[in-house]
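Asker: This is what each chain is made of:
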Amino acid sequence: MSLTEDSVPLLWRLARLDFDPVRNRPVLLYPEGAVLLNDTGKAILELVDGRRTVREIAGILGERYQTDVTADVSEYLSHLAERELIRDV
Amino acid sequence: MTSERPTTLLAELTHRCPLHCPYCSNPLDLIRAERELSTDDWKRVFTQARALGVLQLGLSGGEPMIRKDLEELAAHARGLGLYSTLVTSGLGLTRARAERLRESGLEHVQISIQDADPEVAERIAGVSSVKQKMAAAAIVRELGFAFSVNVVLHRANLDRIGAIIELAAELGADRLELANTQYYGWGLENRASLMPTRDQVTRAQAITEEAIRRYKGRMQILFVLPDYFEQYPKPCYGGWGKLYIVVGPDGKALPCHGATQITTLAFDNVRDHSLEWIWQESAAFQAFRGDSWMREPCRSCPRKTVDFGGCRCQAFALTGAAENTDPVCVLSPDRGMIDAAIAEPSESPEYRYRVIAEPQRA
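Residue numbers (this note's numbering), protein chains in the order written: chain A, 623 to 711; chain B, 239 to 600.
In isolation and in its complexed conformation, chain A is listed as follows:
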């Protein structure tokens, strides 16, 4: 499943964003699985709330990092959507 800039991503109901103090990494936990995240991934997922569009998320991060991140955000969330960890509401 590929997301567009107008998609409204929502984290799977079963998944939870957490921090793993042992590996010192943010982590996405869900039934029988875990994805270790980097800081960028965490920053994206923290803005995923089921209301903001991909474009709005990319806008906020673009301002923060002073560069256009639309393609990266879209690709990252599409990848998680492919794994059914992100839904398009």
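Hints were generated in silico from the structure; no laboratory data involved.
Model, not experiment: these values are computed from the prediction.
Incorrect hints may have been included.
DSS-like cross-link-like pairs, simulated, lysine-lysine; straight-line CA separation at most 27 angstroms [claimed, not checked]:
{"id": "1", "chain 1": "B", "residue 1": "Lys281", "chain 2": "B", "residue 2": "Lys472"}
{"id": "2", "chain 1": "B", "residue 1": "Lys281", "chain 2": "A", "residue 2": "Lys664"}
{"id": "3", "chain 1": "B", "residue 1": "Lys472", "chain 2": "B", "residue 2": "Lys454"}
{"id": "4", "chain 1": "B", "residue 1": "Lys306", "chain 2": "B", "residue 2": "Lys369"}
{"id": "5", "chain 1": "B", "residue 1": "Lys454", "chain 2": "A", "residue 2": "Lys664"}
{"id": "6", "chain 1": "B", "residue 1": "Lys472", "chain 2": "B", "residue 2": "Lys369"}
Model the placement of chain B on the given structure of chain A, informed by the hints.
Answerer: Okay, now just chain B, sitting in the frame of chain A:
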């Protein structure tokens, strides 16, 4: 020593269970109640597991609902930040207990379903159980748990896989695990009664693949092929002692739930050692790490980094040596015994049911 950190702990809290499924993944030699770890033992194990890097906890059995301290254990796990799954038959999961488990922070409940046909389901479980399972599923759904249905597949239920998938969807499952029987322990004892035909497997796979597409975004469906019908063996949990720890009811720590059948290995106990010591230092966890233990054809095979020679328990159970290539592999000199097992004329299903042996009188 290893730099790997485990991600998953399967805590087999008890072997006691109201069901008698003939493919149970517990060992043939089941642990009796008086040998089970205490509440404090389990809490210590969970704390040590978290410190070692474990993120996922399976609260399993037997039937874990039989443990009266389950809520306390679930709360301790949640306090540590573990993502916990209750692996249950659904029997004993009353509304009152489900509510207490929800309050304790348990996130995910997995209920086993034996078949979509209630009569066959109860013949497999060896006990009346369907009504209680349906009631438990409704409660789990209503209380907002993440909810999985797990079904072990075999000759007697594979032809109803479509109806099984529909049943799981009606129950409101978020996830459906369709796992073909693995032939270790009880499953191996009952292999002649459980083994499907190749036609059955092929049809079931096609129906499941269609359903995976149809339910995408609503119910996640996982289908585990029976390894006997594949060319190459399954990687054993990403390799022996790499990601996974099982602790049995009596405290024995294992690299996989079937490992006790490898009688040439001695497994250390969490009553005597820390989980970290067992992970890092114990002979059993180091036995099949890396590839220096491998024999041919694995040793020189490029697939050794893909499937790690397959399942050590299966190699031991079928060939008598855990260092041998998993006989499921087409490159194994022992593959003939797998093909013979598939080709065996099907017996009528007279199951040897799972029961805990009475203690021997002195």
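Asker: Could you run down the list of hints and mark each one as holding or not?
Answerer: Right, here's what the structure says about each hint:
1. B:Lys281 / B:Lys472: violated (32 angstroms)
2. B:Lys281 / A:Lys664: violated (30 angstroms)
3. B:Lys472 / B:Lys454: holds (25 angstroms)
4. B:Lys306 / B:Lys369: holds (23 angstroms)
5. B:Lys454 / A:Lys664: holds (25 angstroms)
6. B:Lys472 / B:Lys369: violated (35 angstroms)
Of the numbered hints given earlier, the model fails hints 1, 2, 6; all others are met.
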